[in-house]
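Chains as they are written, first to last, in this note's numbering: chain D, 1065 to 1681; chain W, 15 to 382.
Treat the hints with care, as some may be off.
Stated by the list, open to error - Computed cross-link-like contacts, BS3-like style, restricted to lysine-lysine with a CA-CA straight-line distance of at most 30 angstroms:
id, chain 1, residue 1, chain 2, residue 2
1, D, K1530, W, K293
2, W, K214, W, K293
3, W, K89, W, K39
4, W, K307, D, K1530
5, W, K251, W, K89
What the hints assert, rightly or not - One-sided excerpt, in silico: chain W residues whose CB lies under 7 angstroms from chain D:
id, residue
6, L42
7, A163
8, I167
9, G190
10, H191
11, L193
12, P258
13, V263
14, L294
15, G296
16, M378
17, R381
Unchecked claim - Quick partial rundown of chain W residues pointing at chain D, CB under 10 angstroms, derived from the structure:
id, residue
18, R168
19, T188
20, D189
21, R192
22, E292
23, R295
24, T313
25, A318
26, E320
27, N336
28, M380
If you are wondering where the hints come from, they were derived from the structure by calculation, not from laboratory data.
Glycine is no exception: its CB is placed at the ideal position from the N, C-alpha and C atoms.
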Amino acid sequence: MPAIQVLPDLLISQIAAGEVVERPASVLKEVLENALDAGASTVEVALDEGGVRRLRVADDGCGIARDDLPLALARHATSKITSLEDLEGVRSMGFRGEALAAIASVARLTLTSRIAEANEAWRISVPGGELAPAALARGTVVDVEDLYYATPARRKFLKSEPTEYGHCEDVFRRIALARPQVKLQLTRNGRIVHRWPGAAAAQRVAQVLGEEFTGAARALEVQAGPVALSGFVALPAYSRASRDAQYFFVNGRFVRDKLLTHAVREAYADILHEARHPAYVLALTLDPRAVDVNVHPAKIEVRFRDARGIHQFVYHALERVLAEPLAGAASAAAAPAAFHLPPPGAAPAQPRFQRELAVSEGGVTQAAQRYFDAFALPRTGTAPTLAPVTGFAPAALPAAGAALPLRPGAAAAAGAEQSEAEAAVPPLGYALAQLAGVYVLAQNRAGLVLVDMHAAHERILYERLKAVVEGMPAAQKLLIPAVVAVSARELATAEEHAATLDRLGFEVAPVGPQELALRSVPQLLVRAHLPDLLRALLEDLAEQPASRVIETRRNELLATMACHGAVRANRQLAPAEMNALLRDMEACERADQCNHGRPTWVQLSMAELDRLFMRGR
Amino acid sequence: MLLIKAPRNQLLQPLQAVAGIVEKKHTLPILSNVVVERAGEMLTLLASDSEIQIRSTTTAGLDQTNAAITVSARKLQDILRTLPENVDVTLDADERRLTVRAGKSRFTLQILPAEEFPRMRGGEGEPVEIQLKQNEFRSQLGLVQYAMAQADIRYYLNGMLMSVAGGQLRMVATDGHRLAYCSQPAQTPEPGIEVILPRKTVLELYRLLSDGDAPLTMRVWPSQVQFLFNEIELTSKLIDGKFPDYNRVIPPNHPKLLQLARAELAPALQRAAILTAEKLRGVRLVLAPGSLKLLSINTEQEEAQEELEVAYDGEGLDIGFNVTYLIDVLTHVDAENFDLRLNDANSSALFTLPGNDNFKYVVMPMRI
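Next comes chain W alone, as it looks inside the complex:
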């Protein structure tokens, strides 16, 4: 039976949208497959890693009977990607195999029955539904997502806190050493909701959302969340855990204020980073009236020193940081100027944007 006959891109784009979450190695072999399902004129592609599921639809062209199969996501994607751009592709399935035809090329792939594919069905009961704009949501994700932990044993840090309450959409991410916080006005439900999105879900959303102001619908159940945008439906489990209280971590009144231009600070940090010790990545910030020095030394005792002129006339300070954490905020936040607030060598550093209360980035120091 014929599943689809369409130009290569009409099939490749929705496939790439869903195939990003397919894990290379999975204990459940069928999860390395993608579901290809035809219903009427629509063709649905669906992939899952058992935590996240992405569904994408496209028009299938010819009217045929309904059918569904699963086939290796990676192989199908590799085949389509390497075919010429404008060639017409047909997918044809029998009981055991899927045949891909395009021009003079022909591939037969092994299939597994679609009814064996484990699907996420959305949560129990009525979800809370929130309407957002894709570009706003995406840019807010970009301001915090880099601070998420990766494979930390504190599983709740391997994700991002999203709070929709009191007219604000707040996002917070931390790996225990630094924390990024961002808040935007939004329409919020009553009562508000607060959930932790898994790391992979956040990264996938950031990848799939477009820069336009097209709508984004978010449906939240107690243990699941669903995002609907473009032709895509992304369903994800939520992390069940207690996210640290970010309000206690953001310092309210550090006395030392430095106004820094990214154009100066970022390249200076990048140069100093060259001579930090591998794995340690320590850089010292030495503050004196009118001057901020960046010092680093590596395992071969090679040293770097950078000096920035700053409008500062308070007490001196010598404090160490992991240079990666400092560079991170400068590369991910699109702003010309930053305010840096410090207290003493044992206290955190706070980065904010001048005249903007919505973004905060806290870094803990490192004893070098």
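For reference, chain D alone in the conformation it holds in the complex:
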């Protein structure tokens, strides 16, 4: 039998490196986060051969004192936290004190740094570990060469240079979005790829994701007590075939968290086709003590103390912004009142945040401010050497708001100085005619509006049905209880959430260690496969604190009903009917998309029409 031995230090680091330093991009992430934790306002990244041959990050942060340099490379050594209390309320990106040690165990690492008070810079290199004087104006330069030279086996798992570079660039983009005020530069094989000056959030989002995204996005800014959500969500028309434009930051940290993703997905559920993925940049800010970031090796997942509350908060905040009808955006004054209306009959289901929920209608400028503030976290004294983040120029903000291309309606709202005569024209204008029995043509301030009348009417009916059914959660009692075989975990979930289940129309009682008796079912779903429905619901309840399985299934049914009830193509509408449809659309939530996520109307502005005729050139 082999004897048990304590492993040598280097091997321990190399094992840890397997988790922390998965690929060049993870090295970049760790080093970039160190730069941000050091309060840098300018960070330059240089990558050679996808970061494998060389990865260099230079910042102008607070630097590391000469005597601390060897310690910086030691395992479990950090300046970021000092006690368990610090760990429970981490405000810095890193805190474990193992990144540099892990990198040093698998690559040639040179660390050069100069603190503001010192007269000279110092350098330390591993392998070796000798301190030497060096030339550097300020900040820190981390130079990682020959990644995985020490663990050749690992090297074999690396992908091609473009792939590894792509991953690095993803990391770079995330950091760029998380810290819009930091000036960033990315160099690839000696060529500058990105150079982004410090900017307001809206500008940075436009820099990173393109004007197309910001043009299709709605700004969002919601605060409920200590929790705030801000950022930009793209309307369904800008949806993607992959998840590549999804950025969620929690206290400035990029996460890909199941709970948050689920909440976002749910918010889009009603307006986005299943196969499409929403695009968003969102920042959630909350008390660091209310979230545990120390649950995942790469900190990509987090745990919330009040998971249910956070889920509800995110869901409702997004749902409201996305539901805001086009008309609401234009007549902003009237909209907020509607936002505060609780869904009828849903009172017991209300999250505790909802009562405090206030959606600001301030438009992009305030949202940008909020978004920015979300990242400029106040720092407490855990790392006294860190300078507070500065460089935020308030004057830049209004410009940011103006620079952001907006939807016509929203622009009107932001401008807010329309003449009264113009304001009298409703956002979708007045109907002119019907085209081929399919489209309604209308004229509004901006020009021509084309409405797909079936799709629009379908959405209006659907929203009405939903509103009514929410107030009528009818449940049919079963003559013979349906016995459903469940796992012990599902049984526990059923007992824990008995009240929720009952409210949804499911009356369940355990009849054995692995069996549940179902005594009543929601009337609208009596034809459903009951065991499957119940198991899906329990699985969701176990996973997500606030399940919406029933709503989803019910809404599918209502959507079918709405489709059958909506006006068919080729029905001739009188002008009064067409105008009534337009007014209904303006008042209806989510009227911009039909139930399948397709647009219900498009605007052809006078400028676009003029272009067709080559006028005004």
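Given chain D, work out where chain W should sit, using these hints.
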């Protein structure tokens, strides 16, 4: 070879008896055909959906050699139906085609060989044979068949329980929300039998049985059943499953008794149903001394209220039901008066006929 030469109705009637079970779409193409088989002077028509098979015979007229083919049931039926009533029809088959002639009309139809048609042969061993009267059996079916489930995953509910034991023929049907029960005295075998007839078999029997008191013979095997009546032989598989214990579902002593006249209750329910929410179909019954109110409200918040005078002086009650289930019993049971027994808002309602212990209808409430 000539299969038959006969007046149109002599062929159409037996064809309609068998063609009702032919499914429009079937994975086995030959099952959309009907077997036309001549043996001596008799012509047999046979159709199947692989669960049920119906055979019907008629006299073929001229004496010819024996022959059998299969041909599209739907097309042959459509042709015969649209021909003039008294015209003589001949069916003539060669190797590949069937020719239908009537007056100056002529049709040639594609045929498939009869030996490829999958036939049900009756069960294994000696069946239990029971003699019944067609009209009695049919009217008893009518009292319960509407309560059968349709395409429920609890497959045993998609049918009707038939129990022949202890001098009683009992029929029970339920869809899990309501249950209909009916019992009649009958000659019963020893030991008794209890089987579940598939929904389609029940509906087909109800359609084919006549109102007269002609005999009906039922043969029961462990997994098959056969009904012989008129010129028809209907063979059906049985549903292999455990039917719920209906005795536990029928409430023995609900305290609140209402005596209701169908002439008043049925139209009132039908009016209230107009303003129930689509898909929900909920109607509230509000009971107070001397009064039974029916209340409904739809998704547009439109409301209906009906009030019936009732001889009742007990406690009040507010209970919801799916209005369809209430209307069902009133339309399918031919009686002037009903007794309705209730307990509380969570308990079932029991409909019975005054002075008659043989019929029971239980409905579970709906929380509105």
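Tested hints:
no.	hint	verdict
1	D:K1530 to W:K293	holds, 13 angstroms
2	W:K214 to W:K293	holds, 25 angstroms
3	W:K89 to W:K39	holds, 14 angstroms
4	W:K307 to D:K1530	holds, 28 angstroms
5	W:K251 to W:K89	holds, 27 angstroms
6	L42	violated, 27 angstroms
7	A163	violated, 10 angstroms
8	I167	holds, 5 angstroms
9	G190	holds, 6 angstroms
10	H191	holds, 6 angstroms
11	L193	holds, 6 angstroms
12	P258	holds, 4 angstroms
13	V263	holds, 5 angstroms
14	L294	holds, 5 angstroms
15	G296	holds, 5 angstroms
16	M378	holds, 4 angstroms
17	R381	holds, 4 angstroms
18	R168	holds, 7 angstroms
19	T188	holds, 6 angstroms
20	D189	holds, 8 angstroms
21	R192	holds, 7 angstroms
22	E292	holds, 7 angstroms
23	R295	holds, 8 angstroms
24	T313	holds, 4 angstroms
25	A318	violated, 15 angstroms
26	E320	violated, 20 angstroms
27	N336	holds, 7 angstroms
28	M380	holds, 5 angstroms
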